[in-house]
Amino acid sequence: MKLKPTREGWIEGLLEAAGRDDRIVLLDADVSRSIGGERFADRFPARHFNVGVSEQEMISEAAGLALAGFVPFVQSYAVFCAGRAWEQIRTSVCHMGLGVKIGGAHAGLSAGPDGATHQALEDVAVMRVLPRMTVLVPADSNQTRAAAITAAETEGPFYVRFGRNPVPEICPEGCRVVPGGADVLREGSDVLLAAAGAMVGICLDAASMLQASGISAAVVNAYSIKPLAADLLVELASRCGCAVTAMDHQEAGGLFGAVSELMALRCPVPVEPVGVPDSFGESGSPEELFARFGLTAEGVASAAVRAVSRASR
Amino acid sequence: MEIPDLPDLAARIRLDVLEMIHAAGSGHPGGSLSAVEILVHLFFREMRAGAGRDRFILSKGHAAPALYAVMAARGMLPRGELSSLRRLGSRLQGHPDMHRLPGLDSSTGSLGQGFAAAVGLARGLRLSGSSARVYCLLGDGELQEGAVWEAAAGAAHAVLGNIVAIVDCNGVQLDGPVDSIKRQKPASERWHAWGWHAIELDGHSFESLEEAFREARSVSMPVALCARTVKGRGVSFMEGSCAWHGRCPDASELERARAEIGAGP
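One line per chain: the protein sequences are A and B, in this order. Counting from 1, one number per residue, gives the positions in the first sequence under the numbering used here. Counting from 1001, one number per residue, gives the positions in the second sequence under the numbering used here.
Treat the hints with caution; some may be incorrect.
Here are some chain A residues pointing at chain B (derived, C-beta under 10 angstroms) [stated by the list, open to error]:
| no. | residue |
| --- | --- |
| 1 | Asp21 |
| 2 | Val25 |
| 3 | Phe49 |
| 4 | Glu55 |
| 5 | Ala63 |
| 6 | Gly69 |
| 7 | His95 |
| 8 | Gly99 |
| 9 | Ile149 |
| 10 | Phe293 |
Quick list of the computed label-pair ranges, beta carbon to beta carbon [stated by the list, open to error]:
| no. | chain 1 | residue 1 | chain 2 | residue 2 | range |
| --- | --- | --- | --- | --- | --- |
| 11 | B | Lys1182 | A | Gly19 | 45 to 53 angstroms |
| 12 | B | Pro1102 | A | Glu153 | 42 to 50 angstroms |
| 13 | A | Glu288 | B | Gly1146 | 32 to 40 angstroms |
| 14 | A | Glu38 | B | Met1076 | 54 to 62 angstroms |
| 15 | B | Gly1080 | A | Arg132 | 27 to 35 angstroms |
| 16 | A | Glu153 | B | Gly1146 | 28 to 36 angstroms |
| 17 | B | Ala1051 | A | Ala46 | 22 to 30 angstroms |
| 18 | B | His1099 | A | Gly52 | 41 to 49 angstroms |
Hints are computed from structural coordinates only; laboratory data are not their basis. Think of the CB as a built atom: it goes at the ideal place given N, C-alpha and C, for glycine as much as any other residue.
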């Protein structure tokens, strides 16, 4: 199985888009070497600005560059852009409706050994409540590359979440990402497993385990958290009668929040979360941390059994 | 454009500001009145209009009434619309909204953000080869936002010679005197230390403003104009008072202010 960090897809997509569109500029906040911004700086030196350890300035300046007609990409660790500069994103980017494209790097538990300060487990929640914002959580490097290109070619603000550690290839090279899209990776009739990011591959493993115990699970790569692929998710949840969501993020406000809100309105079936339950992370390898929070195939399968049991009551 | 007598115009703007806030039932008179001459100078004497026009960002967005009144005087919106300030559906939002009101170069209101966006705008205009200049008006209380100094360092590092920050140093913020809450002095030395060309001036004197902006155009680095002003300028009972940072004058207070300002119709 091919393993590759999603951050590599991000910078590859950004380079490809910037080669076609000279309005694209990149702002970094002193973590360009760990995200890959130095590759952009090498190819497009006049269009790269490293503002130093100043994430609030980075977002506001990006808004100003958008006002001047550019298509600014910004990137930092997800905690520091989505978190620290949240109000700049809210007011200077989203309220003004400016096309600033935000890369949230080292997101979720992928920041592993750096510990709780560097593990963004809330970024999707705080981004998806912002009007006009599109939130994408691609599953692998190929899809992250496509997400960067879609962000570059689509009007308006984008938040793209990606990680540091290598993850298995899920999507084919040259795949496309559409806001509001989702990929059905496996058909099933008893439970819907909706996953994003590194949990997509784990849900595929869980579906195989569930099949062995007689439960037919559908697996959807719900990479577009906002807008959700609402019709598709409702159709599958309605057919299955229950759902599980899986993302390395706080349960509240993340994929669980998004899917639960949708189901409450359109298809009130049981929904079980696999995520981080209202707590902070800690140091450890990503694999250890995923295990610690039950973000494993076994954890997903248990959640699926609970969901099926609730649905049949 | 025929340039009116500027002090007369400033008096009319002051009255417009107070009438707008009175009609709205809320707003920020103190920091609007302190910025009147600066805004009049910018819109009537300094900024170039038309193709490649200069840009203006009101980072102290709560001075929106003064900006709207100056824009109306400049013919950028109908004067009769001023009384719609802060009303549901109005183009004149409590803090400036560029999507509602054409002519605004940015929405603002959250302190510190407008200035940092102005730095990005200046960076972008330079990158695109434009000769347009960016003017940004801040409050002195606003300087307590750390994000201001992030962006100030960024502009200095990039040697942006196309941005002028004007600080309305009226010395009073919402809770009281700036000096008693968190001092921002020495004003020009701080900007100088951050790598800006800094000029101190009298922000109510058109001669002083003319001289300072002329000097600003002559240097090729970011320029900060530290304009000494008086909060609530022109209305004795509002001057220097934090109580009038965000208080609406009632009918009798408006009448007293009108008599003091003495503007024509």
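Can you give the numbers of the hints that this structure goes against, from lowest to highest?
-> 1, 8, 9, 10, 12, 14, 18
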